[in-house]
Amino acid sequence: MKIGEIKDISAGAIGGLKRLLPLAVLAAILAGLAFKYQRLDLSKRRFIKHLARQLPYLPGRYYA
Amino acid sequence: MADYDVVVIGAGCGGLTAGALLARQGRRVLVLEQGERIGGCCSTFEKEGYSFDIGATILEIIHPLEKAFRILGSTFQEEVELIPCDPVYDVYLPDGSRFSYPRSVEETAEVISRLSPEDARNWIRFAEKMSNFLDSALEGFFLSPVNNIYDMLKMLRKGPGILKHPDLFFSTYQSVIERVFRNLQVRQSFSYQTFYCGLPPALAPGIFAFLSFSEHYGVYYPRGGMIAIPQALKRRGEKFGMEVRTSSRVTKVLVRGGRVCGVELADGEEIASPVVVSNVNARTLYLEVIGEEHLPWLARRGIRSCQLSISAPVLFLGLDYAPPLQAHHNLLVVSMDHLNEYWFDRYKKGMLPEKFFSLICYSTFSDATLAAGGCHALNVILSGPYALREGDWESVKMEVAERAIDNLSEKFIPGLADHIKVMEIATPLDYERRLLMPQGGFLGLDMDLFHSTVFRPASKSKCVEGLYLAGSSTHPGGGVPTVVASGIIAADLVDIYEN
Ligand SMILES: Cc1cc2nc3c(=O)[nH]c(=O)nc-3n(C[C@H](O)[C@H](O)[C@H](O)COP(=O)(O)OP(=O)(O)OC[C@H]3O[C@@H](n4cnc5c(N)ncnc54)[C@H](O)[C@@H]3O)c2cc1C
Numbered sequence: 001m002k003i004g005e006i007k008d009i010s011a012g013a014i015g016g017l018k019r020l021l022p023l024a025v026l027a028a029i030l031a032g033l034a035f036k037y038q039r040l041d042l043s044k045r046r047f048i049k050h051l052a053r054q055l056p057y058l059p060g061r062y063y064a
Numbered sequence: 001m002a003d004y005d006v007v008v009i010g011a012g013c014g015g016l017t018a019g020a021l022l023a024r025q026g027r028r029v030l031v032l033e034q035g036e037r038i039g040g041c042c043s044t045f046e047k048e049g050y051s052f053d054i055g056a057t058i059l060e061i062i063h064p065l066e067k068a069f070r071i072l073g074s075t076f077q078e079e080v081e082l083i084p085c086d087p088v089y090d091v092y093l094p095d096g097s098r099f100s101y102p103r104s105v106e107e108t109a110e111v112i113s114r115l116s117p118e119d120a121r122n123w124i125r126f127a128e129k130m131s132n133f134l135d136s137a138l139e140g141f142f143l144s145p146v147n148n149i150y151d152m153l154k155m156l157r158k159g160p161g162i163l164k165h166p167d168l169f170f171s172t173y174q175s176v177i178e179r180v181f182r183n184l185q186v187r188q189s190f191s192y193q194t195f196y197c198g199l200p201p202a203l204a205p206g207i208f209a210f211l212s213f214s215e216h217y218g219v220y221y222p223r224g225g226m227i228a229i230p231q232a233l234k235r236r237g238e239k240f241g242m243e244v245r246t247s248s249r250v251t252k253v254l255v256r257g258g259r260v261c262g263v264e265l266a267d268g269e270e271i272a273s274p275v276v277v278s279n280v281n282a283r284t285l286y287l288e289v290i291g292e293e294h295l296p297w298l299a300r301r302g303i304r305s306c307q308l309s310i311s312a313p314v315l316f317l318g319l320d321y322a323p324p325l326q327a328h329h330n331l332l333v334v335s336m337d338h339l340n341e342y343w344f345d346r347y348k349k350g351m352l353p354e355k356f357f358s359l360i361c362y363s364t365f366s367d368a369t370l371a372a373g374g375c376h377a378l379n380v381i382l383s384g385p386y387a388l389r390e391g392d393w394e395s396v397k398m399e400v401a402e403r404a405i406d407n408l409s410e411k412f413i414p415g416l417a418d419h420i421k422v423m424e425i426a427t428p429l430d431y432e433r434r435l436l437m438p439q440g441g442f443l444g445l446d447m448d449l450f451h452s453t454v455f456r457p458a459s460k461s462k463c464v465e466g467l468y469l470a471g472s473s474t475h476p477g478g479g480v481p482t483v484v485a486s487g488i489i490a491a492d493l494v495d496i497y498e499n
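Taken in order, these protein sequences are the chains called A and B. Note that the numbering used here numbers the first sequence so that position 31 is 31, with each residue one more than the last. Note that the numbering used here numbers the second sequence so that position 239 is 239, with each residue one more than the last.
Chain B on its own, in the form it takes in the complex (with noise of 0.2 Å):
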């Protein structure tokens, strides 16, 4: 007899989504998570009376979320106060110099054209054709399973509008963005985005220009931080039965017979299901949890093969003053080209960039409550890869922290140096051990063609039965909206295949 009828690995968003949605089906679920906390790279911390998102800050295209807790008989907006962030993000160009991206595309047409006359017009038309694919793109990409060709073919006939624009298939980010856009700074305030699919301008496909219009669409911030997500979904799940049980670190998915039997924790507690749910690294699973041994080659060759996405250092800076930011979101951006640089002459050689680019959340500017009595705090995504060739990071990362104080101080922050109270400095490292993220990959696997759809590890394992797969690293993709999308997957996937 079986403890449960599903057991979830882990209690990211994707986790969490699947378990309340296999909850609200009648299965008896259990979600065990390793660490204290539940949300994954969704969640919040507090350190002396300011609290700090750990990974995402912000939310766009929630119909996903909408969508999960329609399900669950509630509403996205009713469990989660959303705060709308308008403008949708600040632009610091290299020298200093600021402007504004507001939410509606109008008003932002007529900050481009202060820029460029031209370019707010391809502005205008850009805006249109993102918003048709984007349209097509959430009926058919995020919200159907697509295990195999015949599910994308599907899939296709579902959202056939992706298919008129074929030129965003066969061109990088960059060539879409050039090809549109004209002037320099216009082009530099699209650059950072690319880095929203783990990828520089070069290698990024050219559908993830999209990432440059969806802010456009809404970009939110759930007021008590980004943990307000999974504490919903886990109140939702609750109601129908699901259990969530922190600090349990599954070791083992139990495999007899070609097909899971339950799993085993790290104290060597054995929990009976006919039915894992996880919601852990696919690369971690296949190759560690599971064991190769129950891999075909082909099957073994192709999770091996699966390259860890980006990931990066951040900051966590708690201020006794109110830091003259206008944005919830804010990009110091470079060039397409200096990101290309940075990507290929160092990221992949173990190296620290060259020249300064970030993005800043200011999320006391969206929610005060986050920080006592006129203080406020900011995350500071920094850049650097997991390896370094020079050095560790547990010896360096103070230098890059003040370097990048110095930095912020000098050009864009005025006093910021002098009014930090508390930091924390997260490096890639400290993602793969407090979050078990391999190489503290942002976003699961990389996000190009070839790790998407058919080719990112199938949400219905293809190599153990009673297996389904949610989270960043399976169908669609890192992001937490898109994570949520693969909970619904995998719970729908759940319902059809284990009766």
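Bound conformation, chain A alone (with noise of 0.2 Å):
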């Protein structure tokens, strides 16, 4: 393989691994979320369930 090959698999694993970024982020993101929910106590997690449970209903609410 000649090196300017090399160069050019490891600059589209690069810029694959870039466009994966935020979606990484955003997954370690949710993972947080969901390890925090998962320790809240229980009074905590039913108010945040209530509330996420309304959101599609948001926009129509908005409008009425």
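Quick caveat, the hints were computed from the structure, so don't treat them as lab data. For each residue, glycine too, the CB sits at the ideal point set by N, CA and C. Among the hints, a few may not be true.
Under 8 Å between C-beta atoms, here's a sample of chain B residues computed to sit facing chain A [as the list claims (entries may be wrong)]:
no.	residue
1	L203
2	G257
3	I303
4	S305
5	F450
Dock the two chains into a complex; use the hints.
Here it is in structure tokens:
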């Protein structure tokens, strides 16, 4: 393999990684939140669940 | 030619406030009430010499009422004789022990210090914080329209102090109380108030922690019963030409080209009017009285998703003795965890509570004229959902009442069972049938963050021109002073947009 080809492959891999980075960060944040959620006491988990369930309806409520 | 400039549907406090203020603006106003009596849930009925309040039993945070009567050329205190309630309430713990919270914050601290000196100090700090919060909320939140994001920003500019307490917005009622107070009994003494916003401690937003303090701003009872308030609003409105017709149920709001043009009554009569103010529950209004066909799909989805607020059965007891209670309001409390358990494991599943908790209003303690000759009247707010999993309200209500009376006689009010001369029971179904409150919801819609401000049906309708909302299912929510605030907002909006 020539040096130029190696450069091309590594540049492609880095490009791919760059594209994946935001997704990885997002996944890490979600995992962090899920972990935190699991560690909350029942009362707080219920509060969050209660609000989260209503999220899809908020645009409708805003226009009512 | 329109018959009236404005038709108001419903003579609850929200509708009467809007009607009276609009008449004050010089408009020809007709208020249509389906019942025989005005006031809706803020009203009083008589039975065999006893007067009982149908719903609301006290007033606190009276600023909106003072404002409404001022605009109507009078004062609230001139129109309604207010009896201060001090102590603000008595607490009965599950073991039957009792203590009293006086109006004064400092005296309340003394009471708390007997349970926990640390919590007495916490109480003083809590009262200061809540007082700051409430002052800002009264300026901004209660009396400003919040139809959209811009209104919301304006509201925050009027009362920026609200934003100084972000901890209250992002936590629950329960976590606020548990963060502040250490002692279990002290926590229990602040548990019941969460139902004043219709939700259990785990779901009520932290901002409602002000409910465990606001009583210390003053709790009042109107002489003659709660009906004195709607009567005074009616009297002032009539001075400016407002007409009120009872036994007149509106079945349709007439809409033409996206704008209201009048209403149709149950007997087929049509009344033309370019502006309609609705004091009807917003869900019923939009889905039945107006009709889904007049709503854009997004708004329809939004309205359908609104949750109706909590309901409960209420016992009205006429007694021939003075019950051994020492306050107008008496809270028979349990822990916040028990209230959560009731909500999640029983109420939501159509079951009655396992543990007994209740609010007892001893109205003749404040106003002896509500029962003749040394007799007394009690309202007992119990707990129980609208739809029962087993049986129906008609078949279980006597049993529920008897069980409650036994419990009260045994632990809290000795002799009660032997002194009942008159008894009446209102179930959630009765509230629905008599006052057309869907599922008997005491506060119209839920009062959580996502049913508040811009997410509560708007005071100026976004779906139909010329339609305005007043009452518990619009901003700022349920409660007598709160719906009076909604009536002020509706009248202001009509003044701006309908000239
Ligand atoms: C048991 C109970 C206890 C409460 N305790 C308190 C308390 O202590 N303090 C407090 O501040 N608040 C309390 N509340 C809440 C308070 O009473 C209400 O939030 C407030 O009175 C509601 O006023 P409103 O203007 O929204 O309408 P409502 O009182 O609901 O009145 C609406 C009116 O519209 C009429 N109507 C409905 N549909 C039609 C139609 N199609 N045509 C014509 N008329 C119609 C109804 O008959 C009713 O008279 C309590 C409520 C209940 C039920």
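A quick look at each hint next to the structure:
no., hint, result
1, L203, "holds (5 Å)"
2, G257, "violated (19 Å)"
3, I303, "holds (5 Å)"
4, S305, "holds (4 Å)"
5, F450, "holds (4 Å)"
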